[in-house]
Amino acid sequence: MSALTKKAIRDVTRRKLRTALTVLGIAIGVTGLTAIAMASGQFTSGLDNLNDTTGQPDIQFFVAPTTAPVADVLSRQPNVDVAATETYAATRWAIPSGHEPLAITGLADFQNLRFQKFTIAAGTQPGPGQILMESSDTAVTPFKVGDTITLQVGTGTRQLVVSGLAHTPGAASPTFTRRASGYMQESDLQSLLHVNGSNLALVRLHDYGQRAATAVQLGGVLQSQGVVVLQSAVGRDVSGGSSSIITGIFTIMQALSVLALLLSVFLLLSTISTLIAEQVPVMGTMKAIGASGGRVLRNYLMGVAIYGVAGTVIGIAVGIGLGDLLYRYFAVNLGMDPSAIQIGPSLFIQAVLVGVGIPLAAAALPVFLGTRVTVKQALSGYGIANGQRRRGVWSAAVRGLLGFVPQTVQVGLRGLFRRRTRSLLTVAALAVTGAAFLAVQTTTSSWNAALGDVFTGFDVYANLDNPQPYGSVQPTLAAVPGVARMEPLSQTLVQTKWGRTLLTGVSADPVLYQQHVVSGRWITDADQGAALISQDAAQKSGLKVGDTIDFHTDLHRASWRIVGISRDLQNPTGAGVIITTRAQANAFNGLPADYFQTLLVSSTSSRQADVDALARRVDATLGGTPAQATVFTTNQLVQGNQSTFLILYALFYSVVAIVALVGAIGLFNALAMGVLERRREIGILRAMGATGRRVAQVFWTEGVGLGLVSWVIAVAIGIPAAYGFLQFVGAVLLAVPFVFNPASILAMLVFIVAVASVATVGPVWSASRIRIAETLRYE
Amino acid sequence: MQIADRSVEHVQASDVLVEAEAITKVIGSNGTSTTILDAVSFAVPRNSLFAINGPSGSGKSTLLNILTGIDRPTSGRVVFAGNEIGHMSENGLARWRGRTVGIVFQFFQLLPTLTARENVELALELGGAFPRRQRRERSLACLDEVGMADYADRLPSQLSGGQQQRVAIARALANDPPVLVADEPTGNLDSKSAHQVFDLLGSLTGRGKSVLYVTHDRELAARATSRVDLLDGRVIGLGAVGAGREAAS
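Protein chains in written order, with the working numbering: chain U, 1 to 779; chain C, 1001 to 1249.
Isolated chain U (complex conformation):
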């Protein structure tokens, strides 16, 4: 190995802590990008695989139970490849904490499945009195094959024995869907429901692109056969909308990974500038004994490449592991195959380009500028240069304004901008740290505020799987002790040009359903073909009061006039809300005017225990009706929504921790270099009587001073950064109003000072232990 190569290696390995921290910074950037690229790529291909290979139906019709030969009729229609019928039931599964919605599919033939082909992971297919549960249902409450579960069906209950556990590709976990699922013999299920005939028709098409038109045509065919179509679903979204959320999460993760990588580059630049400053005399010597500028440049870039290779190797290994964990988390919960991990060469190529290429590109200019020092300059500045060559405004300001503080503190403050480039890099990294903290704090507090806004005004929320006439349940519910007020809603997801919107039918003069009109007016009973839209729907569509909004389901279409815009966060991950009267909404869906799907209830007592008891009473009351209701308190709804985004909360704060680590490392490097450069100064201070503590105070002051300067800059950039980040998250995932808590600025100050203090520990300790003789002696 040549002497130059040995030098490059030893320059890196000599300062073990600095090398470890620099390699760690690069590894963090590579880890993030590798993990996200791997998991998101695998997730996307897994999702495509599910859609293509599991036999998902292209169109589903939910109909009134019928014995008509629906499958035969549909299979003879143009563009229809395969048609089949099943029986579907929405039941309630009694679990220790209450009831969990349980969707049961009744199949006539378990051997020749044409759609949603599942495998039996344990046990056997169900016989009479048995149910085959989806394996992911064990996340709701633990159970095993052979256990007995209790179902509430209509007004009665039924006990079934679990015959086995199924794995249905594409079946999302109850963690995401909040609904368990299972399979029974079709005749057994129909007997349970006291119905005669199937109520679900499934169709696969020859030409998937014609699905919308074919759905309308097939709907007409069914009607001509006397089959009542209640609802239809067109398309193969196996995740039921979860895929768009997960895709949004991956997009945010990728953006945060890029941020972590940029900060790694900051860290690398700080390290390289420190290394170059240390090595100036060595560069001069090399040039004096025959090295050209190019050779010196290549030698130091070799050192950067060593950092990069080490960081890349670690980053790839950890990134693949994390990517695997990340993919498995989503795969298990979305019914994908968690073992189908593929690691392609593109992953390694990307990691090398990022981990080695970017550091080399970033370091090229500072290394080039550093190696341009002439031999004379390098050798005449023998030892480490002491820094500021001219007195600046800053020093004069410190002297003038802070003359009353101890000299050791003044020395620390005057040293803040001794090395401008280095100080700027350090301040920039710390400011980004503070801004990231503020952005995440603001995002999470905005989300929490939005959740509070959504679930406010009522105490209990009941959702009905089987819409009912309100008049049929209102007297019974009104008699439930603790009920102060009730308001029925009808809610349907409809399609608009900009996404899925929640069509909500409310009372003309609601009390529990909050109005929050921001422009225009509220809806009245006299309105026909009119609605309000939510603020996020207005933002996405560009529509305003007086415009017309077009929307449709697979079977119905409408164009309504916009009379107002309200702040309504019922559908934050979708395309907003359309608010109209319940009568209009039911008319759009072809339902009687009095039907409702959702009930808001307020309690006479505000105590949580009383609200919980009220929810149980409402649950028991609605359980005795055909409604098949699921009842929650607002507390449960808020916690449930928060837990859904728990991964994002954890992710955001993890990124803040990483950003803080990189900022701290940058400050550590800068202060360590300062200690090195000012060894002689330190020796003189010690010779004059300064204790180790007083010397340490100089550098602690410098470190915290840089932190405070960073805080000021972070305040200036952090608030717009927080707003921008919230808008970005809103665009890809969850749009909520910007809520800024001024206390976050103080929290950020504490955070930055803590980070700066931690970063100063090493250099301060080193400075306090310097021996006088070593510093005042010429080498």
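One thing to keep in mind: the hints can contain errors.
[Claimed, not checked] Here are a few chain U residues that sit away from chain C, every Cβ distance over 12 Å (derived from the structure):
| # | residue |
| --- | --- |
| 1 | ALA3 |
| 2 | VAL12 |
| 3 | THR157 |
| 4 | VAL375 |
| 5 | GLN377 |
| 6 | VAL393 |
| 7 | PHE417 |
| 8 | ASN463 |
| 9 | SER559 |
| 10 | ALA593 |
| 11 | ASP619 |
[What the hints assert, rightly or not] For lysine to aspartate or glutamate, the following DMTMM-like pairs were computed, each having C-alpha atoms within a straight-line distance of at most 20 Å:
| # | chain 1 | residue 1 | chain 2 | residue 2 |
| --- | --- | --- | --- | --- |
| 12 | U | LYS6 | C | ASP1071 |
| 13 | U | LYS6 | U | GLU278 |
| 14 | U | LYS497 | U | ASP547 |
| 15 | C | LYS1192 | C | ASP1153 |
| 16 | U | LYS6 | U | ASP81 |
| 17 | U | LYS376 | C | GLU1090 |
| 18 | U | LYS544 | U | ASP527 |
| 19 | U | LYS376 | C | GLU1219 |
| 20 | U | LYS376 | C | ASP1071 |
| 21 | U | LYS117 | U | ASP81 |
| 22 | U | LYS6 | C | ASP1153 |
Simulated from the structure, these hints should not be mistaken for lab results. Note that CB positions come from ideal geometry on N, CA and C, so glycine has one too.
With the hints as your guide, set chain C onto chain U.
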């Protein structure tokens, strides 16, 4: 004291290794200028132990830097072994130094992360005078020449000042340059080490080398076979030792 004649008549042209012709160095900032060297001319004979002597601030280190291409004169020229070095680029000068000039610094300037042998090998790698397969042997031979072969695998931090300077001399000899240049080579050593190092430098002239050294020490200057004396950037004495003093008195 008379300012001696700046001519180089007493040195035959064929014996001249280095010629400095009217070297002037002026530095200035903020409208003021300072003349570091003022039309310095002299010739360095081959195989000589040549001293550049003068008190602190006389310009001797600046002159040495100009002779080795580390600095550039404001006017004048340097002809080194028949080559005028003033027209060379920085990289050209670096390569030229690697092959032609062995430099010994006052503060040794060994690379701290390389062993004694590796420091010498680095010079061989940069100078390119020996093929790769011969470098290890050559480096050990150079260290042996200065009495440091037993310390070949030690880092500079594990060597005394005198030992480090010997390694620096071995490094300077690595590419077999015709001339060694030393800037206050004993300035950072104790008296015993200083004598040993200077004896070593002096012995190199017997091996066909020319040694050019800067010193403010009169005793060391007196050991030169030729010298130039500077004061305030000007030559005040020139020529062979003994001859120069007679001329001045």
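To see whether the hints hold, each was checked on the structure:
1. Listed as outside the interface, ALA3 (chain U) is inconsistent with that label: its C-beta sits roughly 4 Å from the nearest C-beta of chain C, within the 12 Å cut-off.
2. The non-interface label for VAL12 (chain U) is inconsistent with chain C: the shortest C-beta to C-beta separation is roughly 10 Å, within 12 Å.
3. Once the 12 Å rule is applied to beta carbons, THR157 (chain U) is consistent with being away from chain C; the minimum gap is 80 Å.
4. Chain C draws VAL375 (chain U) into its interface by the beta-carbon criterion, the shortest separation being 4 Å against a cut-off of 12 Å.
5. Not every beta carbon of chain C lies more than 12 Å from that of GLN377 (chain U), the smallest distance being close to 10 Å; the non-interface claim is violated.
6. Against the 12 Å criterion, VAL393 (chain U) stays outside the reach of chain C, whose nearest CB is about 19 Å from its own CB.
7. Distance check for PHE417 (chain U) against chain C: the nearest CB is about 23 Å away, which clears 12 Å, and the non-interface claim stands.
8. Taking the minimum C-beta to C-beta distance to chain C, about 70 Å, the non-interface status of ASN463 (chain U) holds against the 12 Å cut.
9. Against the 12 Å criterion, SER559 (chain U) stays outside the reach of chain C, whose nearest CB is about 76 Å from its own CB.
10. The Cβ of ALA593 (chain U) sits about 87 Å from the closest Cβ of chain C, beyond the 12 Å cut-off, so the non-interface label holds.
11. A cut-off of 12 Å between C-beta atoms confirms that ASP619 (chain U) is not in contact with chain C; the least separation is 74 Å.
12. In summary, the hint linking LYS6 (chain U) to ASP1071 (chain C) is not supported, as the alpha carbons are separated by about 30 Å, beyond the 20 Å threshold.
13. Between LYS6 (chain U) and GLU278 (chain U) the alpha-carbon distance is near 18 Å, which keeps this suggested pair within the 20 Å criterion.
14. In summary, the hint linking LYS497 (chain U) to ASP547 (chain U) is supported, as the alpha carbons are separated by about 15 Å, within the 20 Å threshold.
15. Between LYS1192 (chain C) and ASP1153 (chain C) the alpha-carbon distance is near 24 Å, which puts this suggested pair outside the 20 Å criterion.
16. Proposed proximity of LYS6 (chain U) and ASP81 (chain U) is contradicted: the alpha carbons are some 70 Å apart, above 20 Å.
17. The straight-line distance between the Cα atoms of LYS376 (chain U) and GLU1090 (chain C) is roughly 11 Å, inside the 20 Å bound, and the hint therefore holds.
18. Our distance criterion of 20 Å between C-alpha atoms is met by LYS544 (chain U) and ASP527 (chain U), whose separation comes to about 18 Å.
19. Between LYS376 (chain U) and GLU1219 (chain C), the direct Cα distance comes to roughly 28 Å. Violation of the 20 Å bound is thereby established for this hinted pair.
20. For the suggested pair LYS376 (chain U) and ASP1071 (chain C), the alpha carbons sit about 6 Å apart, so the restraint of at most 20 Å is met.
21. Simply put, LYS117 (chain U) and ASP81 (chain U) have alpha-carbon atoms about 17 Å apart, close enough for the 20 Å limit, and the pair holds.
22. Straight-line distance between C-alpha atoms of LYS6 (chain U) and ASP1153 (chain C) comes to about 14 Å, which keeps the hinted pair within the 20 Å bound.
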